[in-house]
Amino acid sequence: MNRVIIGLMIALCVVVGAGLFGILDSRATDVFLEATRPDFQKIPIGVFGFQNGGGPEWLGGRLEEVLKADLQRSLVFSLVDLPGIGVKAREVSTTDKAVFKQAAENGVSVLVWGKSGQKNGSKESELLMDGFVYDSGSDEVVGGKRYVGSTSVVRLMAHRFADELVFRYTGEPGIARTKIVYVAEHGNARELFVMDYDGYEPKQITADGFLNLMPRWSPDRRFIVFTAYRSRNTQDIDILELATGKRWTLVTMAGLNITPALSPDGNFLAFASSQDGNSEIYKLDTRTKTPQRLTVNQGGDLSPTWSPTGREIAFTSDRGGAPQVFVMSADGSNVRRLTYEGDYNAAPAWSPRGNWIAYVCRTAQRLYKLCIVSPDGQKRVQVTTGPGIDDSPSWSPDGRHLTFSSTVDGKSHIYMVDTDGKNLERITFGGTHNSSPSWSPAL
Amino acid sequence: MRMRVATMGLTMVVGMLLVIQGGCSKKSIQSGGDAQSSERGMAKSGGPAPSAMGSTGSTGNLDAPSATFPDLSLSSKPEDPETGGLRGFDSVSGGKAPSEERLGGGGTMLAKVEPSESTARQIEEIRREQAKEQAASAEAGLRDVFFGYDSWTITEDGRQSLTQDAQWIKANAGALVKIEGHCDERGTLAYNLVLGEKRAKAVRNYLVELGIGANRLSVVSYGKERPFCNERNESCYQQNRRGHVVVRSK
Chain A
1 MNRVIIGLMI
11 ALCVVVGAGL
21 FGILDSRATD
31 VFLEATRPDF
41 QKIPIGVFGF
51 QNGGGPEWLG
61 GRLEEVLKAD
71 LQRSLVFSLV
81 DLPGIGVKAR
91 EVSTTDKAVF
101 KQAAENGVSV
111 LVWGKSGQKN
121 GSKESELLMD
131 GFVYDSGSDE
141 VVGGKRYVGS
151 TSVVRLMAHR
161 FADELVFRYT
171 GEPGIARTKI
181 VYVAEHGNAR
191 ELFVMDYDGY
201 EPKQITADGF
211 LNLMPRWSPD
221 RRFIVFTAYR
231 SRNTQDIDIL
241 ELATGKRWTL
251 VTMAGLNITP
261 ALSPDGNFLA
271 FASSQDGNSE
281 IYKLDTRTKT
291 PQRLTVNQGG
301 DLSPTWSPTG
311 REIAFTSDRG
321 GAPQVFVMSA
331 DGSNVRRLTY
341 EGDYNAAPAW
351 SPRGNWIAYV
361 CRTAQRLYKL
371 CIVSPDGQKR
381 VQVTTGPGID
391 DSPSWSPDGR
401 HLTFSSTVDG
411 KSHIYMVDTD
421 GKNLERITFG
431 GTHNSSPSWS
441 PAL
Chain B
1001 MRMRVATMGL
1011 TMVVGMLLVI
1021 QGGCSKKSIQ
1031 SGGDAQSSER
1041 GMAKSGGPAP
1051 SAMGSTGSTG
1061 NLDAPSATFP
1071 DLSLSSKPED
1081 PETGGLRGFD
1091 SVSGGKAPSE
1101 ERLGGGGTML
1111 AKVEPSESTA
1121 RQIEEIRREQ
1131 AKEQAASAEA
1141 GLRDVFFGYD
1151 SWTITEDGRQ
1161 SLTQDAQWIK
1171 ANAGALVKIE
1181 GHCDERGTLA
1191 YNLVLGEKRA
1201 KAVRNYLVEL
1211 GIGANRLSVV
1221 SYGKERPFCN
1231 ERNESCYQQN
1241 RRGHVVVRSK
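Residue numbers (our numbering), protein chains in the order written: chain A, 1 to 443; chain B, 1001 to 1250.
Take these hints with a grain of salt, some might be off.
To be verified - Partial chain A-side listing against chain B, Cβ under 8 Å, derived:
id: 1; residue: Val142
id: 2; residue: Gly144
id: 3; residue: Asn233
No lab work stands behind these hints, which were simulated from the structure alone.
Glycine included, each C-beta is placed from N, C-alpha and C at the ideal position.
I would like the entire structure built from these sequences, with the hints used as guidance.
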């Protein structure tokens, strides 16, 4: 009997301890250390090609191209032009000391090379990629990876290798295997699609024939929440399981049901509904299925976005007449206005690192561009410039990029850009109207 | 779950009937008996398939949040071998080859969505309904209301249009009227949905002021998602900032 009581007490201590630690821990991560500090020195990396060993002719080149693009986008590495510094591209082996020395002397920190081809003795057309890494700091071959799979996973091989490299040098998983869900015009309808973060491999995930809008990922990447016009006259917030295509309705209140966003722990769905007259923000407990209204005022409140700790929500409100970005605690208390510059600031997205909130800002020239603001409102930076209507910013899980839609090239397409406005890259090219991108969490 | 079992039962019965009748091709017998494809069939009918808008399946009560959706807590995340974490580099000292990592699926597993016959029917029905509404509204001579940039205030022109509309609505006591709120392409998708609703509600409220029963009027906002005009100039924008008054087909 005594043993049981002692056992219970120990268990209680462990639980309380864990709880306290949890609180302290999450406080500590409220504002993350920036891995993209201005003084962050990118790691010079040299990529030799992949020697082709019997596979399709394009294989080695494809792997190299995808890997280089991934490393460049990681913002962790800077690609060194090896021939440019006199290191000739040639067959490299793990014992090639002369090449390693030459590269190291020319400031290259990491060298990557590999082999690609058909897998030996495989019945079907299986392809293989070997990748090797030399590190000049430790002057040793760090190791290698071997990937095997069908032609459909060739890009994934390079993505995975890139993520391994980012992980080794930063302890973060990298973004090369992340996905973007977005809305594309399909016939007369708007349907949801999922593509790789670099715009490749788009796949349609809804086929309703009318409007599906504003998709967002669940934190475990298994589900997409979105607004669906179930008939042409009403909308719901639905959830779709990607692996099975199964679909459930989460919210069917009267009026508009829009801008769903799951909390970082998946336990709450914040969304906007106009069932009480004007658009207000609600929070649905996904475990007890009970909704709770968070905002109470005459203006329109919408577009909730969770802080990475789940303790605060930023949102759009036009309670002052024009839309502005506000922040509140996740229970609806402590509401404060965050943006003051300009008369149109909307569609906030809280960075997964916690340190910025991206949003659409209307400039003095009445252009709709992307801005970022710190959660205390002290720092504000305009990210994109020039023509085109920018909309729906969404952060990469590493907090270094934003994806968004823009009409800068005429039709609406999906783009990505670094938080300093550099490396603007268009990532959709097909279709007539692509919008509302949402970047998946990292794996 | 009960649905799944029922569906499985149904699939089996149908499959057996097909086999007994022998009137189907070998291929369809195979797909009826093949474990993998019948499982896929189950998955589809377990919840409304992506292609089945409007079909209810397991969507639950339409007036309250569904009580049946899956657990979304992050802690319930199962290990997915395809998308699993990174494993680090293998030592290759002494010319050893790295151990093999087999990749499949392409990261996040995605169910295939093939626009089905029912989707095509659905799309056709949407088109038919829209045409019907359009025709009925044109015949009724209903007029739309246009708005200023960022505005949901009804102008003098708008009031005149609505006064006319109200006469028709009063004269046609059985008709139900829907007001669609629309916006131009400027501004965000999300805020334009709210703005579109404000416009639609402003129109509805004015019609109510003119003596129309609110129960005959419904509102919906399409934001900037269903524009009337696709050019990038003010006259086009003006066309799209609209309260579109239509006779509802159902």
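Each hint, compared with the structure:
Residue-level restraint check for valine 142 (chain A) holds (minimum Cβ-Cβ distance to chain B is 5 Å; threshold 8 Å). Taking 8 Å as the C-beta cut-off, the interface hint given for glycine 144 (chain A) holds, the closest approach to chain B being about 4 Å. With its C-beta approaching chain B no nearer than about 5 Å, asparagine 233 (chain A) sits inside the 8 Å limit, and its interface hint holds.
Of the numbered hints stated above, none is contradicted by the structure.
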